[in-house]
Structures are given as C-alpha cells and as structure tokens.
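Same order as they appear, the protein sequences are chains A and B.
Count along the first sequence from 1, add 11, and you get the number used in my numbering.
Count along the second sequence from 1, add 11, and you get the number used in my numbering.
Rather than coming from a laboratory, the hints here were simulated on the basis of the structure.
One thing to keep in mind: the hints can contain errors.
Which copy is meant is left open, so a pair is good if it fits within one copy or across any two.
Pairs of lysine-lysine, DSSO-like flavour, derived with a Cα cap of 27 Å [as the list claims (entries may be wrong)]:
no., residue 1, residue 2
1, 224, 130
2, 75, 64
3, 254, 168
4, 204, 168
5, 130, 254
6, 175, 204
7, 100, 210
8, 105, 64
9, 224, 105
10, 130, 238
11, 251, 114
12, 114, 238
13, 224, 110
14, 210, 64
15, 248, 238
16, 130, 253
17, 17, 248
18, 251, 238
19, 100, 204
20, 105, 238
21, 64, 251
22, 251, 130
23, 175, 254
Number of protein chains: 2
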Amino acid sequence: MTKKTKVNAAILIIGNEILSGRTQDTNTSTLATWLNSIGVKVNEVRVIPDIEKTIIDTLNFLRKENNYVFTTGGIGPTHDDITAQSVSKAFGLKYEIHKEAFKILEAYYQPGEFNEGRKKMVWMPENAELILNPTSGAPGFNVENVFCLPGVPSILKSMLGGLKNRIVGGEPILSFTINLRTVESEIANSLSKVQDQNKDVEIGSYPFFHAGKLGVSIVLRSENKNKIDNCNSQILKFIKEKKIEVVDR
Amino acid sequence: MTKKTKVNAAILIIGNEILSGRTQDTNTSTLATWLNSIGVKVNEVRVIPDIEKTIIDTLNFLRKENNYVFTTGGIGPTHDDITAQSVSKAFGLKYEIHKEAFKILEAYYQPGEFNEGRKKMVWMPENAELILNPTSGAPGFNVENVFCLPGVPSILKSMLGGLKNRIVGGEPILSFTINLRTVESEIANSLSKVQDQNKDVEIGSYPFFHAGKLGVSIVLRSENKNKIDNCNSQILKFIKEKKIEVVDR
C-alpha cells in the first residue's frame with residue numbers, strides 16, 4: 012500500500028445563533044464524521060458571528076493552513092446571510108449572479124415564486140463551482156479549497172453525497188473502541204504506558220454513564236490497522252491483569 | 012441606568028473526540044446560553060485537539076482578545092488530559108500540586124481510592140483558584156481571566172452555579188423571538204429595511220420546520236428593551252401588511 016500524504020480540514024461555523032446558545036450546532040459532528048470516513052482529519056473548528064470582516068479574516072487564515080475548509084451557514088435569502096459576499100471578498104473575486112444557479116432556481120420554483128429574496132441566493136463569487144442541493148434547490152458553492160454549505164442540518168447532510176468526488180482524502184482514519192467497566196483513574200497509568208509505546212496511535216479515554224453504570228471507552232485512532240491491533244493487544248493484556256470487564260456499551 | 016461596558020468571552024473546546032465527530036459537543040450551547048444570561052457575549056468558539064502547543068498558542072491568543080475564556084475538557088486523570096499543564100505553560104506558571112484540591116479529593120474518596128490517576132487531577136497552575144465540582148469531586152480552576160471546566164456536560168453544568176459571582180457581566184443581552192408562518196424569501200427585503208433602521212439590534216432570521224409546517228423565527232437581540240420593542244413594532248407592521256400569520260412554535 013502506498014502511503015498517501017495526510018489531508019486535513021477546518022470547519023468554519025458562521026452564525027450568531029450558535030454563539031448566543033439559541034441553536035445547538037450539529038453540523039460539526041456531521042462534517043467531522045464524514046470527513047474522517049474519507050481520510051480527511053479535522054484540525055480545528057471555529058464558530059464566528061455574522062460579521063463580514065471576521066468571516067474574511069478567519070477564512071483567509073484557515074484556507075492557507077488547511078487542505079480544505081468547510082463553512083456552514085449564511086447562504087440563505089435574508090440580510091444576515093453574508094457568507095457568499097464575504098467569501099468573494101476573501102478571494103478578491105467579483106460577487107455576481109451565477110448563471111447556472113439562476114437556471115436551477117428558476118426551474119425549481121413555480122412561476123412567480125422566484126422572488127427578490129430567492130434571487131439573492133444565486134449571487135456568488137465569480138466562477139464558483141456549485142454544490143447541488145437535492146433538498147431545497149438553492150446550491151452551495153466551492154472556490155478553490157473552500158466549500159460553502161448551508162446551516163440547516165438536514166439540507167447540509169443531503170449535499171455531502173454530491174461532494175465526495177471533489178474531496179481527495181488520505182488514508183481513511185481507522186477507529187477502534189474498547190468499552191470497559193471501570194473508571195478512568197484505574198487504568199490511567201497503564202494506558203499512559205501504552206500511549207508512550209505507540210506514539211503513532213491516538214489513544215483517547217472517555218468516561219460514560221449508561222444504564223446506571225459507569226464505564227470508560229478507550230478509542231484508538233490511526234491510518235494503520237496493524238498499529239491499532241498492536242495497541243489493542245497491549246490494552247487487553249493490562250485489563251486482563253487488572254480483571255477489568257470488557258462490555259458492550 | 013448606567014451603561015456598563017460590553018463584556019465578551021471566547022469558548023475553547025479541547026478534545027480530539029469532538030474533532031473526530033465521535034462526540035457531539037453540547038457545552039458550547041450550555042455555556043453560551045448561561046453567559047448571555049449574565050451579560051457576557053460570546054465572540055468566538057474554537058475546537059482544538061489535545062496537542063499542548065496548540066492549546067498554549069490558542070489560549071494565549073484568546074485570553075488577550077477577550078474579557079473571559081472558558082475551556083472545556085482535558086482535566087481528567089488520563090494521559091490525554093493535558094489542559095492543566097498546558098494552561099500552566101501558557102501563563103508561565105509552575106504546574107504543581109494544589110493543596111486545597113488535594114484536601115478536597117482526599118476527603119471525597121474512600122480510604123485507598125485516592126490513587127495515582129486521581130492524584131493527577133490535583134496538579135494545576137500555581138495559585139489557581141478552584142472551581143468547585145458538586146457532582147464528582149475533582150475541581151476545575153481559574154487563572155486570571157481563564158476558567159477551566161471539565162468536558163462531561165452534566166458535570167460542567169453543575170459547576171456553573173458556583174462561578175456566577177466570579178464573572179462580571181455587562182447589561183444582560185435581551186432576546187425576543189417572533190415566529191411566523193412564512194418562508195424567509197417572503198420577508199427578506201422588509202426585514203433588511205428594518206435592520207438598516209435599527210443598526211443596534213441584532214436581527215436574525217431562522218427557518219424552521221415544525222409539525223409538518225414551514226416557518227421562520229425572527230430573533231431580536233440587544234441590551235436595550237426599548238430598541239427591541241421599536242424593532243418589533245416595525246416588523247409587526249410589515250407582517251400585517253403582508254398578511255403573514257404569527258404563530259407559536
């Protein structure tokens with residue numbers, strides 16, 4: 012197997028409603044799970060307000076630091092939807108009517124329904140590539156390594172399928188979980204030794220409380236299955252010695 | 012009423028499990044809702060991995076840019092819990108046993124249960140102020156304007172009550188929501204005019220789908236009730252003209 016380069020991404024959540032606590036973001040988890048499955052590691056997530064300068068500055072930083080940037084939110088028809096104009100300015104591109112998007116929405120709406128508000132949604136950075144929207148018509152868009160998606164979680168989800176061929180991932184990041192009937196402090200030292208001997212494997216330890224009982228999930232992550240297996244053996248060895256029970260969660 | 016200065020904060024979520032998509036963050040929403048209620052506006056949220064240099068650099072940036080920084084995660088007993096040592100380095104403080112925390116945990120656990128793993132949780136930046144934990148014993152801590160809380164949502168929630176007197180907020184940010192049986196594009200232009208005439212009020216527009224029907228929530232946010240009322244009157248005027256129904260959500 013040839014080793015591919017590591018591929019990473021940042022997620023940029025744009026929206027006052029997340030920062031006010033009014034809306035619970037779920038797009039981070041959706042995007043991160045999907046990106047991991049296609050071999051893209053999420054380095055960082057930022058949530059920022061609907062302020063043009065903040066969007067421009069943050070995007071210009073993140074797009075240079077990461078292979079990909081995925082933005083969510085701010086591409087609807089109202090005055091607080093300023094992602095497309097901000098992305099245009101970030102790239103120094105014209106903000107203009109996207110002819111293909113116009114045709115899509117003209118066909119999508121009934122005659123007379125393609126009103127001024129909806130027409131705002133076809134304004135994009137010049138030469139943007141569209142990201143089709145099978146749920147509600149209005150497309151997202153892509154400029155260089157930046158992919159702009161809507162904030163509504165069900166619509167965002169429905170658009171990921173169409174994106175897959177445009178994202179080139181590295182080796183998929185494999186993940187293996189061991190659930191134990193124990194508490195973190197019981198295994199902390201042993202787990203720390205395993206981590207020291209397996210620097211390439213990311214070992215996470217997460218307490219859980221399920222069906223009235225405490226437990227710990229140990230999560231092993233790596234691009235390399237052998238390394239995960241090796242790490243798993245070492246963990247199984249010490250939990251056997253400590254007589255800790257492995258459980259379904 | 013004397014006008015207080017605006018007070019802002021950043022939230023720093025520390026944890027690979029959020030970036031991998033394995034865990035859905037809910038602490039942002041909890042903290043943001045609570046901070047807003049005490050007059051602290053959240054400017055920014057960042058999610059970063061369990062990497063010491065990243066934690067140090069991000070924290071040193073955020074703590075200078077904001078009145079307060081709240082971190083979540085990484086203060087447990089395992090090898091991947093590196094928040095306390097990273098915060099110590101960020102402030103150039105010794106990382107040492109906190110005597111008061113030691114006493115608390117010594118009293119909290121049964122004799123013989125205060126093992127090596129648990130003892131790790133009393134290591135903190137020197138002279139840190141404790142944030143008491145009524146749920147599971149192990150305290151969080153506070154250095155200058157940085158407050159370090161655990162990642163487990165139920166534990167984090169239980170610790171906020173004890174923090175309230177240590178955060179000095181500005182005017183509470185008031186929020187008023189109008190739910191309409193319409194779609195965003197129908198009201199986009201009128202709403203945009205209201206925003207232009209009410210620059211001080213943050214007007215958000217959020218589509219919803221509830222009980223089989225589409226609607227839009229308009230959210231008005233400001234420290235000043237009169238400004239919200241004035242803005243609300245202007246919105247009620249145009250929705251009456253447009254014969255749009257106001258609904259409970």
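Structure-based check of each hint:
1. Proximity of residue 224 and residue 130 under a CA criterion of 27 Å is satisfied inter-copy only: 23 Å between copies versus 54 Å inside one chain copy.
2. Taking the closest pair of Cα atoms, residue 75 and residue 64 come within 27 Å of each other both inside a single copy (17 Å) and across two copies (19 Å).
3. Proximity of residue 254 and residue 168 under a CA criterion of 27 Å is satisfied in neither setting, with 43 Å inside one chain copy and 34 Å between copies.
4. In this homomeric assembly, residue 204 and residue 168 never come within 27 Å of each other (Cα to Cα): the closest approach is 40 Å inside a single copy and 32 Å across copies.
5. For a Cα distance limit of 27 Å, the shortest separation of residue 130 from residue 254 across copies, 22 Å, qualifies, whereas the shortest one inside one copy, 65 Å, does not.
6. When the C-alpha separation of residue 175 and residue 204 is checked against a cutoff of 27 Å, the pair qualifies neither within a copy, at 38 Å, nor between copies, at 39 Å.
7. In the homo-oligomer, the alpha carbons of residue 100 and residue 210 lie at most 27 Å apart only across protomers (22 Å), although the nearest pairing inside one protomer, at 42 Å, exceeds that limit.
8. Within a single copy, residue 105 and residue 64 get their C-alpha atoms as close as 17 Å, which meets the 27 Å cut-off; across copies the closest is 38 Å, which misses it.
9. In this homomeric assembly, residue 224 and residue 105 never come within 27 Å of each other (Cα to Cα): the closest approach is 58 Å inside a single copy and 37 Å across copies.
10. In this homomeric assembly, residue 130 and residue 238 never come within 27 Å of each other (Cα to Cα): the closest approach is 52 Å inside a single copy and 30 Å across copies.
11. In this assembly of identical chains, the alpha carbons of residue 251 and residue 114 never lie at most 27 Å apart, being 64 Å within a copy and 33 Å across copies at closest.
12. Taking the shortest alpha-carbon separations for residue 114 and residue 238, neither the intra-copy value of 51 Å nor the inter-copy value of 41 Å comes in at or below 27 Å.
13. Taking the shortest alpha-carbon separations for residue 224 and residue 110, neither the intra-copy value of 58 Å nor the inter-copy value of 31 Å comes in at or below 27 Å.
14. For a Cα distance limit of 27 Å, the shortest separation of residue 210 from residue 64 across copies, 17 Å, qualifies, whereas the shortest one inside one copy, 40 Å, does not.
15. In the homo-oligomer, the alpha carbons of residue 248 and residue 238 lie at most 27 Å apart inside one protomer (16 Å), although the nearest pairing across protomers, at 65 Å, exceeds that limit.
16. Taking the closest pair of Cα atoms, residue 130 and residue 253 come within 27 Å of each other only across two copies (19 Å); inside a single copy the shortest separation is 65 Å, beyond that limit.
17. Taking identical chains as interchangeable, the C-alpha atoms of residue 17 and residue 248 are never at most 27 Å apart, the minima being 31 Å within one chain and 55 Å between chains.
18. In this assembly of identical chains, residue 251 and residue 238 lie within 27 Å of each other by CA distance solely inside one copy; the values are 20 Å within and 65 Å between copies.
19. For the identical chains of this complex, residue 100 and residue 204 are inter-copy neighbours only, at 23 Å across copies versus 50 Å inside a copy, given an alpha-carbon limit of 27 Å.
20. Taking the closest pair of Cα atoms, residue 105 and residue 238 never come within 27 Å of each other, the shortest separation being 49 Å inside a single copy and 36 Å across copies.
21. Taking identical chains as interchangeable, the C-alpha atoms of residue 64 and residue 251 are never at most 27 Å apart, the minima being 56 Å within one chain and 35 Å between chains.
22. In the homo-oligomer, the alpha carbons of residue 251 and residue 130 lie at most 27 Å apart only across protomers (24 Å), although the nearest pairing inside one protomer, at 64 Å, exceeds that limit.
23. Taking the shortest alpha-carbon separations for residue 175 and residue 254, neither the intra-copy value of 44 Å nor the inter-copy value of 43 Å comes in at or below 27 Å.
Hint violations for this structure: numbers 3, 4, 6, 9, 10, 11, 12, 13, 17, 20, 21 and 23, all remaining hints satisfied.
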